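Q: Next come the chains, spelled out residue by residue.
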Amino acid sequence: MNQFVLQHGKSPELRLFPHLLEVGAKKNGSIQLHAFPSTATEGIRIYYIIEGKFEWRLNHEAYVLYPGDVVLIMPGTSFGSDHGVLEIGSFTWVHLNIQKQENGHILPGKWSGLSEAEGAAIGKLLSLSSSPVLSHFQDAGKILKSIQTELFGHEIGYQARINHLIDELLIQITRHMTRQSHPGRDFPKTFMRLEEVLRENLAHQWTVEEMAALVGMGTTLFTERVKSYSGFSPINYLINIRISEAIKMLKRPDISVTDIALDTGFYSSQHFSTTFKKLTGYRPSEFRNNHLRNK
Amino acid sequence: MKCIITIELGTNGIRVFAFDLNGRVIGSLKGYYPTFHTEPDHSEQDPEQIFITTLYVLKNLLNECIHPKKHKVVSICFSAAMHSVLAVDKNGNPLGNAITWSDNRAKKEALELRQSALGRSIYAATGTPIHPMSPLLKIAWIRSLDKERFKQTSKFLSIKSYIIHQLTGEYLIDHSIASATGLLNIHTISWEPDALQYAGINASRLPELAPVFAQAGKLKRAYQQSLGLGADTKILIGSSDGCLATLGDGVKGEGHATITIEDSGAVRVMGDAVLQDEQMRFFNYLLTENSYVSGGPTNNGGNIFEWFTRQFGDFTNPFDAEQSMQQLIEEASKVPVGADGLLFLPYLLGERAPIWNANARGAYFGLNIKHERKHFVRATIEGILYEIYSIGRSLAEQRNIRSLSVNGSFGTIPFCTQLIADMFNKPVRVRQQSHSVSYGAWLLSATEMGIFKTLDEAADTVELPDVYKPNKKHHAVYADYYSIFEKLSTKLFDEFEAIGNLQQKHAVPEAPPKQKIKL
Numbered sequence: 008m009n010q011f012v013l014q015h016g017k018s019p020e021l022r023l024f025p026h027l028l029e030v031g032a033k034k035n036g037s038i039q040l041h042a043f044p045s046t047a048t049e050g051i052r053i054y055y056i057i058e059g060k061f062e063w064r065l066n067h068e069a070y071v072l073y074p075g076d077v078v079l080i081m082p083g084t085s086f087g088s089d090h091g092v093l094e095i096g097s098f099t100w101v102h103l104n105i106q107k108q109e110n111g112h113i114l115p116g117k118w119s120g121l122s123e124a125e126g127a128a129i130g131k132l133l134s135l136s137s138s139p140v141l142s143h144f145q146d147a148g149k150i151l152k153s154i155q156t157e158l159f160g161h162e163i164g165y166q167a168r169i170n171h172l173i174d175e176l177l178i179q180i181t182r183h184m185t186r187q188s189h190p191g192r193d194f195p196k197t198f199m200r201l202e203e204v205l206r207e208n209l210a211h212q213w214t215v216e217e218m219a220a221l222v223g224m225g226t227t228l229f230t231e232r233v234k235s236y237s238g239f240s241p242i243n244y245l246i247n248i249r250i251s252e253a254i255k256m257l258k259r260p261d262i263s264v265t266d267i268a269l270d271t272g273f274y275s276s277q278h279f280s281t282t283f284k285k286l287t288g289y290r291p292s293e294f295r296n297n298h299l300r301n302k
Numbered sequence: 020m021k022c023i024i025t026i027e028l029g030t031n032g033i034r035v036f037a038f039d040l041n042g043r044v045i046g047s048l049k050g051y052y053p054t055f056h057t058e059p060d061h062s063e064q065d066p067e068q069i070f071i072t073t074l075y076v077l078k079n080l081l082n083e084c085i086h087p088k089k090h091k092v093v094s095i096c097f098s099a100a101m102h103s104v105l106a107v108d109k110n111g112n113p114l115g116n117a118i119t120w121s122d123n124r125a126k127k128e129a130l131e132l133r134q135s136a137l138g139r140s141i142y143a144a145t146g147t148p149i150h151p152m153s154p155l156l157k158i159a160w161i162r163s164l165d166k167e168r169f170k171q172t173s174k175f176l177s178i179k180s181y182i183i184h185q186l187t188g189e190y191l192i193d194h195s196i197a198s199a200t201g202l203l204n205i206h207t208i209s210w211e212p213d214a215l216q217y218a219g220i221n222a223s224r225l226p227e228l229a230p231v232f233a234q235a236g237k238l239k240r241a242y243q244q245s246l247g248l249g250a251d252t253k254i255l256i257g258s259s260d261g262c263l264a265t266l267g268d269g270v271k272g273e274g275h276a277t278i279t280i281e282d283s284g285a286v287r288v289m290g291d292a293v294l295q296d297e298q299m300r301f302f303n304y305l306l307t308e309n310s311y312v313s314g315g316p317t318n319n320g321g322n323i324f325e326w327f328t329r330q331f332g333d334f335t336n337p338f339d340a341e342q343s344m345q346q347l348i349e350e351a352s353k354v355p356v357g358a359d360g361l362l363f364l365p366y367l368l369g370e371r372a373p374i375w376n377a378n379a380r381g382a383y384f385g386l387n388i389k390h391e392r393k394h395f396v397r398a399t400i401e402g403i404l405y406e407i408y409s410i411g412r413s414l415a416e417q418r419n420i421r422s423l424s425v426n427g428s429f430g431t432i433p434f435c436t437q438l439i440a441d442m443f444n445k446p447v448r449v450r451q452q453s454h455s456v457s458y459g460a461w462l463l464s465a466t467e468m469g470i471f472k473t474l475d476e477a478a479d480t481v482e483l484p485d486v487y488k489p490n491k492k493h494h495a496v497y498a499d500y501y502s503i504f505e506k507l508s509t510k511l512f513d514e515f516e517a518i519g520n521l522q523q524k525h526a527v528p529e530a531p532p533k534q535k536i537k538l
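Protein sequence lines, in the order shown, are assigned to chains C and U.
Read in order, the letters of the first sequence are residues 8 to 302 in our numbering.
Read in order, the letters of the second sequence are residues 20 to 538 in our numbering.
Be careful, since some hints might not be right.
[As the list claims (entries may be wrong)] Using 30 Å as the maximum straight-line C-alpha spacing, the simulated DSS-like pairs for lysine-lysine come out as follows:
no., chain 1, residue 1, chain 2, residue 2
1, C, Lys284, U, Lys127
2, C, Lys284, U, Lys21
3, C, Lys196, U, Lys127
4, C, Lys255, U, Lys253
5, C, Lys284, U, Lys49
6, C, Lys258, U, Lys127
7, U, Lys88, U, Lys237
[Said to hold, decoys possible] Sample of chain C residues with no beta-carbon within 12 Å of chain U, all distances over it, derived:
no., residue
8, Ala32
9, Ile57
10, Glu62
11, Ser142
12, Met199
13, Glu202
14, Glu203
15, Ser235
16, Ser251
17, Lys284
18, Thr287
19, Glu293
[What the hints assert, rightly or not] Per label pair, the in silico range of CB-to-CB distance:
no., chain 1, residue 1, chain 2, residue 2, range
20, U, Arg392, C, Lys117, 37 to 45 Å
21, U, Leu164, C, His15, 57 to 65 Å
22, C, Ala124, U, Asp60, 54 to 62 Å
23, U, Gln234, C, Thr281, 49 to 57 Å
24, C, His278, U, Gln234, 33 to 41 Å
Derived by calculation from the structure, the hints in this document are not laboratory data.
Keep in mind it's a predicted model, so treat the numbers as computed, not measured.
Quick reminder that beta carbons are idealized off the backbone N, C-alpha and C, glycines included.
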């Protein structure tokens, strides 16, 4: 393996790819100090371990990495090793210019062939991931290798091919991630985890695509499984949780109805009020008055 | 056309059925609600989510099957899982989640009380085994370990009482659910003073007792409007899932037992006398005055086969457990009866009846070099059913059982039903659609309306065709192996405890809950 580093703005190979901030491969023959300091990450970094054993720190948490592992570092995460130590071994990486947008969404850019909904779902999933390390993931190494070959080969169609490969990398990482946490055997458990994430992020305007991707399923299969398991469509199930949580807040006098509406993911207090009344027969304020009154 | 609606507040969700006055199903819908395990041994459900799910599913059923055809809803009858406890404050607002039957937080208290003379006399009076499932012990636990909640609690409700209070404003508990609280004297049908004292409450902190036919007040106006129901719609308080499943299978008087196997399971008989048992193995719940549903529950039913499927099944289609289970059952059917001498003790979740040993654990026994994967499949199913059979045998010490009926998703798999017939050496009847509980609620409502004079008359009309006939040769094989199964189930008592303790001692703590995700 040849060592190299290509950087955006410095390396002509990357001129056609503004979304590629850095591409590199490193083979380290002896332990080096101060060679791998902790830095905050702009954009998304993806590392693939080829040989050796590395101990790296992400957001102050230590991870031990072995060959075949992929590390996914999301925007804003600090990343490096203690005292900048770089252990013996080799690895390769890309650094993508994918930023967190103002609304918190993470979207690949125009270069991507992903539809906007799928791109957003992938961005969402990557940011929800509980572990940044994906094990036994040799396919990711192959994709990174192909990207490098294309960058240096300049064969016909290489620009399109590279962008396809980056999409491929993001898709495979997302799929690997969901498979790692949802092995496809235990729908009740998977559904329970989904419910947990929904409850923790109730204010978010969830789409079915996002929910489905979260458990690693296509939307059609997901909707069908949720319906047969819960009796509800995914969106109706979500509304169900929203109203249940809203009821609890309405029974406490210290939160305004508008805040409750927004906290539980309704567009507006109007939307909340209509949905609430349709189901319960009461407007939220009426419901609150009935329950705060001492009997 | 007039119709009756039944609402089943079950362990994993709600099921709503609409019946015509001949007992035919004209519509049904279900809605799931989750059980939270925030700490080991804790099982809780969100009362507001149960309420909203109830409204949601009921409303959908009305809008899909009832209102478009201009059917008139005469009554709505409730059934519910037993043993739940929900503390509410003076405004009727929940103080935390509802604690469900499978919650084990009071296991220490239960063990102590079970071994005491007070425990024996409370069991004799209330008919509810002394076990952490019992609200008696849950309330005692809250009193000593959640003092703030205990102090603020105006009433300790059941989940059904809460839902009914939301709909009508009444605080009521039916005799069946009350008889499963461990607080009700089932002979006098009044709260048992010794039990109240043990729990540390007086009767004013419990809902008011009501017979299963009682009307639980009138639907609040807002719900009349949002659901499109008349003010004259009767809200019947109904009974418990266990009692209604027994009624729904047409069990009455002596001579008949019914077996329910869903995730967990139970064998039940009906009679006009309480089953007293030195070893406190049986429950006795009240359907109506002088009509007791008695029996024994098991923790390990279909959930154990699901566990097996998840570990060892083929999942060619992701998340398609049903298909994987079907494949395993086909595999099991190719193995000789008795699994060539491989036995399985199904106590993965500890066990209630008949051994009442929370420390019990699972085991495969009798393995030899010729056993293959498929033998494990068959042994697992046989082990679950031997356990059911052992409950049946312990009941047969006190009651004559001539015939059986089976309900529940696992029990009604034809392969399993045939095994039950063979093991018991008795004919088995099955309800085709799995809605024994709701059908029982329909029989109750119809009796309340005067369609039947008594519940016995109602039970007589139940026709369960499909008779599975026992195979005598198979029975002989099962009987041989069962004698070893039965010995093993108690012989390992000390080792069960020892391994349970070691499992706890060497348990690797679960990863702390992952940090809240920021978006």
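Q: Each hint needs a verdict: does it hold in this structure or not?
A: Outcome of the hint check:
{"no.": "1", "hint": "C/Lys284 / U/Lys127", "in the structure": "violated (45 Å)"}
{"no.": "2", "hint": "C/Lys284 / U/Lys21", "in the structure": "holds (28 Å)"}
{"no.": "3", "hint": "C/Lys196 / U/Lys127", "in the structure": "holds (28 Å)"}
{"no.": "4", "hint": "C/Lys255 / U/Lys253", "in the structure": "holds (28 Å)"}
{"no.": "5", "hint": "C/Lys284 / U/Lys49", "in the structure": "holds (22 Å)"}
{"no.": "6", "hint": "C/Lys258 / U/Lys127", "in the structure": "violated (34 Å)"}
{"no.": "7", "hint": "U/Lys88 / U/Lys237", "in the structure": "holds (24 Å)"}
{"no.": "8", "hint": "Ala32", "in the structure": "holds (32 Å)"}
{"no.": "9", "hint": "Ile57", "in the structure": "holds (29 Å)"}
{"no.": "10", "hint": "Glu62", "in the structure": "holds (19 Å)"}
{"no.": "11", "hint": "Ser142", "in the structure": "holds (16 Å)"}
{"no.": "12", "hint": "Met199", "in the structure": "violated (6 Å)"}
{"no.": "13", "hint": "Glu202", "in the structure": "violated (6 Å)"}
{"no.": "14", "hint": "Glu203", "in the structure": "violated (9 Å)"}
{"no.": "15", "hint": "Ser235", "in the structure": "violated (9 Å)"}
{"no.": "16", "hint": "Ser251", "in the structure": "violated (4 Å)"}
{"no.": "17", "hint": "Lys284", "in the structure": "violated (8 Å)"}
{"no.": "18", "hint": "Thr287", "in the structure": "violated (6 Å)"}
{"no.": "19", "hint": "Glu293", "in the structure": "violated (8 Å)"}
{"no.": "20", "hint": "U/Arg392 / C/Lys117: 37 to 45 Å", "in the structure": "violated (53 Å)"}
{"no.": "21", "hint": "U/Leu164 / C/His15: 57 to 65 Å", "in the structure": "holds (60 Å)"}
{"no.": "22", "hint": "C/Ala124 / U/Asp60: 54 to 62 Å", "in the structure": "violated (42 Å)"}
{"no.": "23", "hint": "U/Gln234 / C/Thr281: 49 to 57 Å", "in the structure": "violated (33 Å)"}
{"no.": "24", "hint": "C/His278 / U/Gln234: 33 to 41 Å", "in the structure": "holds (37 Å)"}
The earlier numbered hints that this structure contradicts are 1, 6, 12, 13, 14, 15, 16, 17, 18, 19, 20, 22 and 23.
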